[in-house]
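Quick note on our numbering: the sequence shown kicks off at 1 and runs consecutively.
A hint or two may mislead.
Label pairs and their in silico Cβ distance ranges [claimed, not checked]:
(1) Glu812 - Lys876: 19 to 27 Å
(2) Glu366 - Tyr903: 39 to 47 Å
(3) Ile825 - Lys385: 23 to 31 Å
(4) Asp808 - Lys922: 21 to 29 Å
(5) Lys616 - Arg829: 37 to 45 Å
(6) Asp808 - Lys876: 20 to 28 Å
(7) Leu125 - His205: 23 to 31 Å
(8) Lys943 - His496: 43 to 51 Å
(9) Lys385 - His205: 46 to 54 Å
(10) Glu117 - Ser572: 56 to 64 Å
Hints were generated in silico from the structure; no laboratory data involved.
C-beta: ideal position from N, C-alpha, C; glycine also.
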Amino acid sequence: MEYPSKRIQNYVKVPTTKDFQSGISDAIQKVLLTQGEITEAHITGVMIGTTAFVNAIVQRSRDLSPVSVVRLCGTAARSFDPFSSFPESLRTALRQDVFFANGGYELNRLPITPISEPECHQIALQILHKAKTSKTHAAIVISGIFSPICADQEETVFKIFETVFKSEGFVDYSITMSHKVAKLGLLEREGAAILNASVRPLAKHYLSHLQRSIQDLNLLNVANNIFLTSNDGTLVSFEQASEYPIITFNSGPTNSLRGASELCGLKDALVVDIGGTTTDIAFLQGGFPRLASSYVEVGGVRTNFTMPDTLSIGLGGGSLVEFVEGKCVIGPQSVGYKLKKEALSFGGSVMTTTDYALKCGNISIEGADPSRVPLTPERQDLILKEIINKIEILVDKMKTTPSPLPLILVGGGSILVPSDAKIDGISEIHRPHHFDVANAVGAAISQVSAKVEHVADFKVSNRDEEIQKLKISAKNLAIERGAIPDSVEVSVDTVHLTYIPGEVVQITCKAIGNLDLIKISKEHVPFDSPSKIRDIVLKDVVVDPFIKNVGNPEETNQHSGGPKIVYNPQTSRKEWILSEEDIEYMSIGAAILGSGGGGSPYLGKLMAQKVLREGKTIKVISHTTLNEGEYTMPFAAAGAPFVLLERLMTDCAVTDTIERSLSHYQSEGKKISSFMSIEIGGFNSLIPLFASALFDLPVVDGDFMGRAFPEYQMTTNAIYGKPATPLCIGNDKNIQYLVTEVENDDPKKVEEVMRQRVVEFGFMACLGCPAMSKKDIEDVAVKNSLSRAWKLGRAIAIEHKNKRNCADVVAELENGKLLFVGKVIDIHRLTRDGFNFGFIKIDGIDTFKGQRTDIEFQNEYLIAYQYPENSPESKKCVAVVPDLLCLLDTENNQPILAEDLKYGIRVSVVVLPAPSILKTEKSLKVVGPKNFKYEMDYFSFGKEFVQTTSIVD
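Model the full structure from these sequences, guided by the hints.
Take a look at the structure:
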């Protein structure tokens, strides 16, 4: 590209090659040979976009290195293996060793325990000796709790390891520090760091060969200016890419998006990239793709590193076209790279979208004969209509404002869409010159970036000063990476962290600037140096047609016949013996019953599945089989969900808290024979299952909320006057507080004491709640809650596999009602007193088009209003707490927590009747609308709660 006009001098396209670097060398040589004016001396930079490294993960390459993980966690997070969420095939391939070491930080930046240099020294020697004995590369991850906030422990241990290896003369190693890879969320960050570590030797091998290949081309002014494109569209040096190849994993689609922006001169637009098999869409803001805010799965591993927010569908130049009962069906099947063998135009037997484009005269391809395509004008119109329909759906999902936006079409398959097509939500369509090489253009845009993150409490520190300090740090880092200082622009993003008192905010500053290629060159030869490119003979390249990997066939989700019920002769009762599949179902159902709150059940699911893999048993029993004189102890966790996802729950925190509680009850002459959930919604629904396995005691099928609520006094045992104490509050440092009495046995006082201790413990604690007798459970508990969650989760899993919308299934199972289907068009959040307040607006689609629904939340969804889109003054309340408002993503049928809501997502809104015990006069004083500051009485949406039968009965 030539600046400032940005005119493309020349381009070529060559087939993908098996050895990666030879194809690139071939392309460079050919593009120079066919361009007389430009010689190799004029080239001052080579920018490359590649999916080679992510493909190695997805395809389970044998070149991946096993990884040793050193987790700096002190007393915390010792119960979870860093590989616990990996698919079995990848876990087996990558898990080398795991070390739980001293270190880690609390949220307030105080160490959980100080790091131990002798301990780290010994770990380094163990890794070294194993690598030497097996003659393998030592791939290492160092991961510390809250390291994205405080990274110094990871850096100290990194230096210790380097010193040990140097003293032993050991050089065949690589170390990845987790804070350099991803953000808060320990298992997800470790997942990203492990993937990065596993592919580093491969990346180093590929990139060193590529560097030599480019040097062989006599590109003297390029020597130090070879870059790879990153996930966000900016450039990274070879050194950065060798250390952190994960930052290039999604660079392919990003290059196309940025190239589209550059070719059109538009910085804010939607971009549709149509290839041979798929169509990708993204939203450009300031010339960069909007980034995804949620977790990203790579090769089946849940990660949280930065990736563009893109959507894909099976529509491309090779997509199959069929006509079924007068309707046109396109894709997702595609002939892919076999287009010239299988498509009708080339003498094949299947009709593709390329056949359609040839028949319409949109394109001409050597060797293709459109007369072989039997398409009438009417059927051509049907195909175009279906193509436009597919793109309109993508556009609607990706847009973030109701206003029309420009659309840029790129990719070889974009010829399927006429430039004058009318697409809902689009103001104008651009198909720039060189649309088919937008990917290469995007890679050629010479910008670098830097990002810094920090967590601050704006009640303690000055907001403007904190942000300004981070902006300066980000800018300086970008300049270090080669950015022209005057070109650097810094953006700031702040996210309030919920459930924590004060104004605790995560600040992210990102700096982007133009790369100064001349300045960073160590040597510079004159542009008029003689060309030698014609004298260079490249070796023959081996073409390896790229076939998109669409999943991991060995990781299929099979549904078993049903739950395992056994009779226990020792207790004379039936027991439900849980499987990993049962727990998966329960976690889905618990997320539904959380009504947007309660924290994600994901970690609770991993905890329960972990103990099953260790050979332990989780048993569920019916409350009807309890004997007189036996007591059940509800068990729970309290704190901030994001702290839990960083610190994780430990066996010792659970066992120490329970043992302290059991000791107290034993002194009172009470025998605890089972556990129970305090709430069936969210994370706490599954914690007792973990306790069940550790203590070999069953879990009673029930809970004390029938959903999730934010405070302790909102449990049915508290509402109906059961004892509020004793309550044991414990942590992973073997500290427990036993609250044996409060003034007037007031559960609200217990809530206040509990909150104080939870803050003291670092915003996370275990709770051993007051024991319940069989009569207490019969009087005040919500019965069969685990069965209820299981039935919901199983129905969703099965219906989703059958590609059906699950909202109707949820409503049917729970005697509920589908209130609305629409697209989130507005979100407002506010953190106050540790709670997540806010509202969302949803515009109706399909049969609800023209209507709007507003939903307000305080951690959980509380109230829903509906009204005609153009008549907000006529809004009417259609559902209110304690009935359960549940939102499901219409695409993947998964429940959506209030903290995970984002603009543009399509949702189904379902209301479920609350258990009858929550709708009495006594309950409504505590959990009804007036308690949440709504000046209205509770009313039913028209259906009543139907008691679920227990799986065990």
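Going down the list of hints, with the structure as the test:
no., hint, verdict
1, Glu812 - Lys876: 19 to 27 Å, "holds (25 Å)"
2, Glu366 - Tyr903: 39 to 47 Å, "holds (45 Å)"
3, Ile825 - Lys385: 23 to 31 Å, "holds (26 Å)"
4, Asp808 - Lys922: 21 to 29 Å, "violated (34 Å)"
5, Lys616 - Arg829: 37 to 45 Å, "holds (40 Å)"
6, Asp808 - Lys876: 20 to 28 Å, "holds (23 Å)"
7, Leu125 - His205: 23 to 31 Å, "holds (27 Å)"
8, Lys943 - His496: 43 to 51 Å, "violated (36 Å)"
9, Lys385 - His205: 46 to 54 Å, "holds (49 Å)"
10, Glu117 - Ser572: 56 to 64 Å, "holds (57 Å)"
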